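A.B. asks: Listed here are the chains, written in short residue letters.
2 protein chains.
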Amino acid sequence: MLHLNQATPAQLREWEEALHNQYQAVAKAGLNLDLTRGKPNGEQLALSDALDGILAGKYIDRDGTDLRNYGGLDGIPEAKELFAPIAGVKPEEVMIGGNSSLTLMYFAAQAALLHGVSDSSSAWQNEGRTIKFLAPVPGYDRHFTVCQHLGIELIPVAMDENGPDMDQVEQLLQADSAIKGMWCVPRFSNPSGIVYSDAVVKRIANLGNIAGDNFRVFWDNAYAVHTLNPDAPMLANIMDYCREAGTADSVLIFGSTSKITFAGAGVAFIAGSVANLEVLKKHFSFSSIGPDKINQLRHVAFLKNQETISEHMAKHAAIMKPRFDAVLNLLKSELGDAGMGTWNEPEGGYFISFDALPGLAKKIVELAAAVGVKLTPAGATFPYGKDPQDCNIRLSPTYPSVEDVKKTAEVFVLCVKLASVRQALEQA
Amino acid sequence: MLHLNQATPAQLREWEEALHNQYQAVAKAGLNLDLTRGKPNGEQLALSDALDGILAGKYIDRDGTDLRNYGGLDGIPEAKELFAPIAGVKPEEVMIGGNSSLTLMYFAAQAALLHGVSDSSSAWQNEGRTIKFLAPVPGYDRHFTVCQHLGIELIPVAMDENGPDMDQVEQLLQADSAIKGMWCVPRFSNPSGIVYSDAVVKRIANLGNIAGDNFRVFWDNAYAVHTLNPDAPMLANIMDYCREAGTADSVLIFGSTSKITFAGAGVAFIAGSVANLEVLKKHFSFSSIGPDKINQLRHVAFLKNQETISEHMAKHAAIMKPRFDAVLNLLKSELGDAGMGTWNEPEGGYFISFDALPGLAKKIVELAAAVGVKLTPAGATFPYGKDPQDCNIRLSPTYPSVEDVKKTAEVFVLCVKLASVRQALEQA
Numbered sequence: 000m001l002h003l004n005q006a007t008p009a010q011l012r013e014w015e016e017a018l019h020n021q022y023q024a025v026a027k028a029g030l031n032l033d034l035t036r037g038k039p040n041g042e043q044l045a046l047s048d049a050l051d052g053i054l055a056g057k058y059i060d061r062d063g064t065d066l067r068n069y070g071g072l073d074g075i076p077e078a079k080e081l082f083a084p085i086a087g088v089k090p091e092e093v094m095i096g097g098n099s100s101l102t103l104m105y106f107a108a109q110a111a112l113l114h115g116v117s118d119s120s121s122a123w124q125n126e127g128r129t130i131k132f133l134a135p136v137p138g139y140d141r142h143f144t145v146c147q148h149l150g151i152e153l154i155p156v157a158m159d160e161n162g163p164d165m166d167q168v169e170q171l172l173q174a175d176s177a178i179k180g181m182w183c184v185p186r187f188s189n190p191s192g193i194v195y196s197d198a199v200v201k202r203i204a205n206l207g208n209i210a211g212d213n214f215r216v217f218w219d220n221a222y223a224v225h226t227l228n229p230d231a232p233m234l235a236n237i238m239d240y241c242r243e244a245g246t247a248d249s250v251l252i253f254g255s256t257s258k259i260t261f262a263g264a265g266v267a268f269i270a271g272s273v274a275n276l277e278v279l280k281k282h283f284s285f286s287s288i289g290p291d292k293i294n295q296l297r298h299v300a301f302l303k304n305q306e307t308i309s310e311h312m313a314k315h316a317a318i319m320k321p322r323f324d325a326v327l328n329l330l331k332s333e334l335g336d337a338g339m340g341t342w343n344e345p346e347g348g349y350f351i352s353f354d355a356l357p358g359l360a361k362k363i364v365e366l367a368a369a370v371g372v373k374l375t376p377a378g379a380t381f382p383y384g385k386d387p388q389d390c391n392i393r394l395s396p397t398y399p400s401v402e403d404v405k406k407t408a409e410v411f412v413l414c415v416k417l418a419s420v421r422q423a424l425e426q427a
Numbered sequence: 000m001l002h003l004n005q006a007t008p009a010q011l012r013e014w015e016e017a018l019h020n021q022y023q024a025v026a027k028a029g030l031n032l033d034l035t036r037g038k039p040n041g042e043q044l045a046l047s048d049a050l051d052g053i054l055a056g057k058y059i060d061r062d063g064t065d066l067r068n069y070g071g072l073d074g075i076p077e078a079k080e081l082f083a084p085i086a087g088v089k090p091e092e093v094m095i096g097g098n099s100s101l102t103l104m105y106f107a108a109q110a111a112l113l114h115g116v117s118d119s120s121s122a123w124q125n126e127g128r129t130i131k132f133l134a135p136v137p138g139y140d141r142h143f144t145v146c147q148h149l150g151i152e153l154i155p156v157a158m159d160e161n162g163p164d165m166d167q168v169e170q171l172l173q174a175d176s177a178i179k180g181m182w183c184v185p186r187f188s189n190p191s192g193i194v195y196s197d198a199v200v201k202r203i204a205n206l207g208n209i210a211g212d213n214f215r216v217f218w219d220n221a222y223a224v225h226t227l228n229p230d231a232p233m234l235a236n237i238m239d240y241c242r243e244a245g246t247a248d249s250v251l252i253f254g255s256t257s258k259i260t261f262a263g264a265g266v267a268f269i270a271g272s273v274a275n276l277e278v279l280k281k282h283f284s285f286s287s288i289g290p291d292k293i294n295q296l297r298h299v300a301f302l303k304n305q306e307t308i309s310e311h312m313a314k315h316a317a318i319m320k321p322r323f324d325a326v327l328n329l330l331k332s333e334l335g336d337a338g339m340g341t342w343n344e345p346e347g348g349y350f351i352s353f354d355a356l357p358g359l360a361k362k363i364v365e366l367a368a369a370v371g372v373k374l375t376p377a378g379a380t381f382p383y384g385k386d387p388q389d390c391n392i393r394l395s396p397t398y399p400s401v402e403d404v405k406k407t408a409e410v411f412v413l414c415v416k417l418a419s420v421r422q423a424l425e426q427a
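Protein chains in written order, with numbering that gives the first Met the number 0: chain R, 0 to 427; chain F, 0 to 427.
By construction, these hints were calculated from the structure, which means they are not laboratory data.
Since this is a predicted model, take the numbers as computed values, not measurements.
Warning: the hint list may mix true and false statements.
It does not matter which identical chain is used: a pair holds within one copy or between any two.
[To be verified] In silico BS3-like links for lysine-lysine, alpha-carbon gap of 25 Å or less: (1) LYS281 / LYS406; (2) LYS361 / LYS405; (3) LYS280 / LYS331; (4) LYS57 / LYS201; (5) LYS331 / LYS201; (6) LYS201 / LYS280; (7) LYS131 / LYS385; (8) LYS314 / LYS57; (9) LYS280 / LYS406; (10) LYS303 / LYS57; (11) LYS27 / LYS362; (12) LYS373 / LYS280; (13) LYS201 / LYS281; (14) LYS57 / LYS373; (15) LYS57 / LYS385; (16) LYS314 / LYS385; (17) LYS303 / LYS27; (18) LYS57 / LYS362; (19) LYS27 / LYS280; (20) LYS361 / LYS89.
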């Protein structure tokens with residue numbers, strides 16, 4: 000394969016013409032494909048079809064609580080026990096919510112902002128200045144929009160293959176006590192697929208000793224058990240490191256079964272120190288008489304224990320892997336030595352993160368859209384939608400059929416080539 | 000029966016002694032009874048046991064949406080259609096939420112406060128002064144605590160048998176544009192059981208023309224279909240009156256199936272003008288990828304239509320009525336002509352509201368607690384827990400068995416008598 004940098008202007012012109020013709024042909028095909036969001040596909044969802052009806056009329060938890068009635072603000076004991084190992088904490092350090100961990104994150108950030116992380120004197124808004132969060136990039140757009148809706152400023156932080164650039168993180172926190180939070184997707188990061196190294200996790204656990212008052216890490220372990228390969232890298236237990244560092248109150252851990260069972264009808268949880276949970280429960284009590292406990296019991300009955308969860312996730316992996324492979328194989332064969340971009344080969348999670356040549360991400364997404372292939376908007380993985388290099392594109396191959404993923408990847412690769420060759424031509 | 004005011008001091012002394020002996024006997028019985036909260040009992044909950052499993056593997060709505068997946072911020076079409084007649088609006092004027100209408104009310108109040116009822120310029124907090132809500136009293140403590148948590152001041156408004164004192168309401172709104180909201184439980188009001196008269200509903204619908212900018216009525220129609228008698232009074236359709244008055248944006252209607260199906264695992268909704276719902280959806284999108292749509296479909300499959308809902312509610316009434324009758328019959332026979340208090344005879348809802356002689360509510364609740372009978376704390380039905388007359392006590396007879404309700408009512412009546420006779424003695 001020709002490397003972009005090695006092509007002569009004449010070769011570039013010829014290449015552009017060939018690519019342009021291919022692109023025109025694709026345009027005529029009238030595609031309607033979508034690779035925008037990290038949604039499980041129908042086959043994955045069907046793995047959990049037994050959920051509805053699994054209780055067979057048994058609506059009582061092991062403590063004898065009638066789950067049909069009001070109450071149980073922090074969840075049923077069985078569910079706490081089931082999710083505690085996933086969060087890496089004790090059962091009493093887990094609070095079970097409704098169907099959305101995003102809702103819990105929004106709630107926790109808002110409660111800290113308006114009402115405080117401990118008593119009311121700790122409310123971030125009391126400081127009378129703009130509150131800031133660190134946002135390792137590329138990252139998850141819905142984390143960013145939580146902050147934007149709450150009026151919290153986002154400060155991008157670089158990531159490498161080990162996680163966030165911790166030198167930068169520590170410097171920023173030492174310099175600015177208005178930074179009250181940091182978003183993390185520590186295992187199979189959205190979208191880069193990175194698993195934070197043990198050293199990074201340990202340094203993050205210590206941030207509570209470096210940051211100003213009332214700082215909280217928002218540890219969104221959304222893909223805690225979502226491996227594509229059985230030997231995918233493990234994530235260190237942040238709470239263990241926090242206990243060593245004396246910072247147990249500095250981290251809030253989030254998770255859900257959205258990508259384990261039903262994306263829209265799962266069970267979400269917050270884990271953290273008992274002190275943190277007491278505060279959250281107090282504030283939660285003003286807006287709820289408790290989450291849906293019956294759905295919690297359904298999930299306990301269905302997922303059972305860590306071993307059966309692993310078996311269940313292996314079934315997800317078997318469905319997802321061909322989709323990831325379809326994209327990764329094509330990227331490798333078509334762009335492996337073309338000098339047109341880099342990407343990760345994730346061992347879990349829901350995304351492939353592609354870095355095009357600087358200045359081309361928007362162009363590539365536009366080229367694809369024009370021929371009926373919807374990609375996540377360029378910039379979506381950066382705060383305020385502003386990718387300073389305009390290079391990152393998040394690919395979400397899980398939802399469409401393998402056939403459609405292949406077609407989409409082909410169009411994507413074509414658009415990457417066309418945009419890259421055109422840019423090279425302009426610069427030649 | 001002796002009337003309190005007709006008793007001589009000697010009679011009072013004799014009476015007190017007899018009551019005191021009865022009370023001592025009850026104290027020895029070691030009761031442990033609870034009449035505190037409006038919870039359905041197990042028999043009522045069992046009416047909906049068919050919910051789990053009712054879908055029989057059918058997770059697709061009529062539009063073909065896979066309800067297991069993400070999305071559907073405002074609910075499934077079938078659910079909108081089912082709940083629209085209960086709210087008295089069109090299906091497109093309904094937004095379905097999770098399991099709690101309290102959560103929706105909190106969310107709506109908070110969104111209005113921080114982000115505005117229309118665009119961001121309409122945010123109540125922009126006014127830079129304390130925002131206020133009108134609270135018809137006695138009322139629902141959780142409405143009050145929503146406001147308290149959000150820093151909204153509550154202004155009590157008197158109620159009579161037709162609903163809130165509308166002269167007072169209109170005067171307050173005309174005088175103070177910082178009043179941005181008003182709580183209403185318009186049918187079988189919590190706790191007084193009042194059904195707002197047509198004239199009152201019409202005047203409430205017109206408040207949008209009287210109040211300052213960005214005023215919203217929080218119309219919590221929690222007991223919309225919760226009748227105890229088939230011929231219970233109907234509630235006028237506030238949205239119809241609003242359309243006539245040109246105030247369709249001034250009311251937010253709330254409801255849920257919490258006391259229709261499962262109290263903790265039902266489906267809640269907001270209804271209102273399309274303009275209002277668009278604003279709420281916009282803000283909701285920052286904290287959710289959509290409520291549990293599967294539970295919505297379960298409810299549609301189970302409740303079916305208005306006729307089957309009525310039949311279902313008649314079964315609830317058959318279970319609840321003996322509990323209400325147990326209290327009401329005893330109140331009538333024991334206190335009917337004693338001059339020791341007044342109460343309502345509700346035709347629906349979950350409560351009996353008892354007004355003791357001024358200054359005695361706390362004492363009565365304490366007397367009951369001391370012999371093992373828990374009542375709703377005196378004052379709970381007033382903002383900040385402050386009943387200026389210290390007379391209102393909310394009785395919630397639905398949850399215990401009929402036998403326990405009877406026992407509790409006997410203790411309650413005894414405590415009312417004892418407190419009243421002692422007060423009369425002191426004043427004699």
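A.B. asks: For every hint, state whether the structure bears it out.
C.D. replies: Results of checking the hints against the structure:
no. : hint            : in the structure
1   : LYS281 / LYS406 : neither (51 Å within a copy, 34 Å between copies)
2   : LYS361 / LYS405 : within (21 Å within a copy, 72 Å between copies)
3   : LYS280 / LYS331 : neither (49 Å within a copy, 42 Å between copies)
4   : LYS57 / LYS201  : neither (43 Å within a copy, 46 Å between copies)
5   : LYS331 / LYS201 : neither (34 Å within a copy, 69 Å between copies)
6   : LYS201 / LYS280 : neither (28 Å within a copy, 40 Å between copies)
7   : LYS131 / LYS385 : within (17 Å within a copy, 40 Å between copies)
8   : LYS314 / LYS57  : between (28 Å within a copy, 21 Å between copies)
9   : LYS280 / LYS406 : neither (48 Å within a copy, 34 Å between copies)
10  : LYS303 / LYS57  : both (16 Å within a copy, 23 Å between copies)
11  : LYS27 / LYS362  : within (20 Å within a copy, 83 Å between copies)
12  : LYS373 / LYS280 : between (41 Å within a copy, 24 Å between copies)
13  : LYS201 / LYS281 : neither (30 Å within a copy, 38 Å between copies)
14  : LYS57 / LYS373  : neither (45 Å within a copy, 29 Å between copies)
15  : LYS57 / LYS385  : neither (51 Å within a copy, 42 Å between copies)
16  : LYS314 / LYS385 : neither (37 Å within a copy, 58 Å between copies)
17  : LYS303 / LYS27  : neither (50 Å within a copy, 47 Å between copies)
18  : LYS57 / LYS362  : neither (55 Å within a copy, 42 Å between copies)
19  : LYS27 / LYS280  : neither (56 Å within a copy, 37 Å between copies)
20  : LYS361 / LYS89  : neither (45 Å within a copy, 41 Å between copies)
Going down the numbered hints, you'll see the structure goes against 1, 3, 4, 5, 6, 9, 13, 14, 15, 16, 17, 18, 19 and 20, while the others check out.
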